[in-house]
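Take the given structure of chain A and dock chain B to it, following the hints.
There are 2 protein chains.
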Amino acid sequence: MRPKIYIKDLSDHIGEQVNLKGWLYNKRSSGKVKFLILRDGTGYLQCIVFKGNVSEEVFETADRLSQESSFEITGTVKAEARAVGGVELDATDVKLISDSVDYPITPKEHGIEFLIDKRHLWLRSKRQAAIMKVRHRVVKAIRDFFDERGFTLFDPPVITPNACEGTSTLFEFDYFDLGKAYLTQSGQLYAEAGALALGKVYTFGPTFRAEKSKTRRHLTEFWMVEPEMAFYDLDDDMDLAEEFLEYIVQTVLRECKDELEILERDTSKLKSVKRPFPRISYDEAVEILKKNGTDFEWGNDLGGGDETIISSQFDRPVMVHRYPAEVKAFYMKRDPLNSRVALAVDVLAPEGYGEIIGGSQREDDLDLLISRIKEHNLPQEFFEWYLDLRRFGSVPHSGFGLGLERTVSWICGIEHLRESIPFPRMIYRNTP
Amino acid sequence: MRPKIYIKDLSDHIGEQVNLKGWLYNKRSSGKVKFLILRDGTGYLQCIVFKGNVSEEVFETADRLSQESSFEITGTVKAEARAVGGVELDATDVKLISDSVDYPITPKEHGIEFLIDKRHLWLRSKRQAAIMKVRHRVVKAIRDFFDERGFTLFDPPVITPNACEGTSTLFEFDYFDLGKAYLTQSGQLYAEAGALALGKVYTFGPTFRAEKSKTRRHLTEFWMVEPEMAFYDLDDDMDLAEEFLEYIVQTVLRECKDELEILERDTSKLKSVKRPFPRISYDEAVEILKKNGTDFEWGNDLGGGDETIISSQFDRPVMVHRYPAEVKAFYMKRDPLNSRVALAVDVLAPEGYGEIIGGSQREDDLDLLISRIKEHNLPQEFFEWYLDLRRFGSVPHSGFGLGLERTVSWICGIEHLRESIPFPRMIYRNTP
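Chains A and B are the protein sequences, given in the same order. For what it's worth, the working numbering labels the leading residue of the first sequence as 12, then goes sequentially. For what it's worth, the working numbering labels the leading residue of the second sequence as 12, then goes sequentially.
Extracted from the complex, chain A is given alone in its bound form (with noise of 0.2 Å):
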């Protein structure tokens, strides 16, 4: 029974009969014609039920039609210029597969908690689906240019014995007779071990954050990537992280035109997201910061505000390197030429969508990064597998982390990381 034909591939069809499955999205008549927006998740098609060219029976059958009821179309495929894909069709018959009674989203404003608890259907709606597709493309794309490049996917552990970066905002469970386990922050110790291995690798997977905070920038599960690669230094890591953004937004930009229209993106701030991206230490941003009238001090972390104020000066993303070693996590090789920064990278997305890449080059000494772990009040019989890396042909290393939700929120142009994700997790909410 499966469909031979669906609305995408219409336009090689001008002039045939064709038979289509799907949903009602929309319908308005007009006397004697009804016409019927079919959507069937390639597209949207206008099929025209014209009163003289069907029976009695189908016409009711169309007229009868409500949002969202599956039904069976077969007609004419004609070219239509004005029509969304080209195409529009000129129906002989239409039957009926299941009804749709009183479906909750109407063409009328909902709230969004309504819209939430009805995810399963606000799917179906052409914003959201429109999501998805970017959502699909941006990891094809994240995949095909680490696979290209000659990079092994190294899918890290979800459960783990312990917390990569603090304790306080962990998932955790009773893991059989071995006391606690935790859900995954981070797959990058673990992503150390497979650059070691294998050279350059590549997780992909959901992390988790049990944070308590309610902002439209944080969901408590979420999709991360996270290269690492050997004998790769900052510099590297840097060019590597604008490569990967430049690939990511325009092969989106070639590749969903469609759903970025749909989305009223304006694609013009996306197309200039071309290598190379500016640089600024650290330091210079603090300058930027102070130039636009904050307060803020050299040592501090840098908040949402101040990285808008930072990225609003750009035109593409802009990676900011050389961070305070204090904000920065255990694992950060410092710089030699500096001993108080980390060599660190934070990649922050034009338009105020903030940090949507951090990454570091590792700490390959033995015994500073035993002196870390003490410093950071870490456990360290938790670390001496993750030590071992330094024990046994320790090399240069880096890597980074991509937040996928952010990623393709700042693609969409949307505010709320709740829609880039099929069922979002947040502190309040965790169904359907």
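Keep in mind that a hint or two might mislead.
A pair holds if it fits inside one copy or across any two, identical chains being indistinguishable in the list.
[Unchecked claim] As a list, the in silico BS3-like pairs of lysine-lysine whose alpha-carbon atoms are at most 27 Å apart:
#	residue 1	residue 2
1	Lys129	Lys191
2	Lys129	Lys385
3	Lys285	Lys15
4	Lys151	Lys268
5	Lys191	Lys223
Rather than coming from a laboratory, the hints here were simulated on the basis of the structure. Keep in mind it's a predicted model, so treat the numbers as computed, not measured.
Below, chain B without anything else, positioned relative to chain A:
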């Protein structure tokens, strides 16, 4: 500092001087010559350090290199038909990067528990690295297959408020003030919402079973891909499953020749994985079991031993369909021709690798689905959103799930699933 060249590219650089970075995989001596085997994650290269060609210091460095120490080597690429990759290196310079004293995994035999304790290092072995590369290629084949066929990736939540297939094997944890939450066992129910919104979708992510079994066929954390298609019936589902498996296996055969050779895989067993696969009903499977002297009774689920008997009758995967409804999940549609059986299919891999795919046509009738939920004593209120998919434009739809680790293990010909994932999680282990 990043490497300009990797071992896998050397056959394009014969006669050129190159600089490579990596680790010492192995070495041997023969008087005035040291043979160093360099690994860099892309391959293995024999490097010849001839006393007459290098300084005394360099020769000493080469002499002192121990297993898994990291080093940099410069030399001229020479064609050498007998070498893997067809090249070797005539070294002119060797520099130690970092030492490796008493590397714990030596060429002697180690127990499996020791090796898993050292998983972060064990991954550097030729065999484990080859498995990781096959895993990478299987994942890429899976994604390419669906991407090329118009599917949209649809990442389901890991954090779920309820259980899809029973509550006895769930990892449970506190979710802020919302009570208990669980780690997903399957993304299928969510994928169904995706299919009705986007037509054809696939999920691909980690899933979890807190199963207390210690067999070689169980991990507590494993990756699963689950396609779900609107307007597909069971036959369409089986067509897709066999096309999918053929695609994966034939792609790996074509693109992972070196890895399969390292793994000493009998590839003749994989070459026969071509469509069409045999399709037998559960009834026919029972006949086979009886003919083979078992006392299997109609109505039971197939055990591992039963699966092996059935699959050994065929030289390629076999699809067993239409199981007793009693042994299958609540959401499966009954056969309209025989309500005692569900429109389910399991695909059994050859060579005793057991079930690698489980799928079904889904119940699309609202009232029947509600009565199944009641029969299974499941809390209907948790499934209201799922029932909505039958209230608003229900359509026939089907899907299946394929376990990544079982597939990788089968293709690689390995005994135990724990070698098919970077850091395996089992009932008695969640480290490193």
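Evaluated hints:
Proximity of lysine 129 and lysine 191 under a CA criterion of 27 Å is satisfied inter-copy only: 21 Å between copies versus 34 Å inside one chain copy. With identical chains, the CA atoms of lysine 129 and lysine 385 are at most 27 Å apart between copies only, with a shortest distance of 23 Å across copies and 48 Å within one. Taking identical chains as interchangeable, the C-alpha atoms of lysine 285 and lysine 15 lie at most 27 Å apart only when they sit on different chains, with a minimum of 23 Å there against 40 Å within one chain. In this homomeric assembly, lysine 151 and lysine 268 come within 27 Å of each other (Cα to Cα) both inside a single copy, at 16 Å, and across copies, at 25 Å.
Proximity of lysine 191 to lysine 223 under the C-alpha cut-off of 27 Å is found in both arrangements, the shortest distances being 21 Å within a copy and 17 Å between copies.
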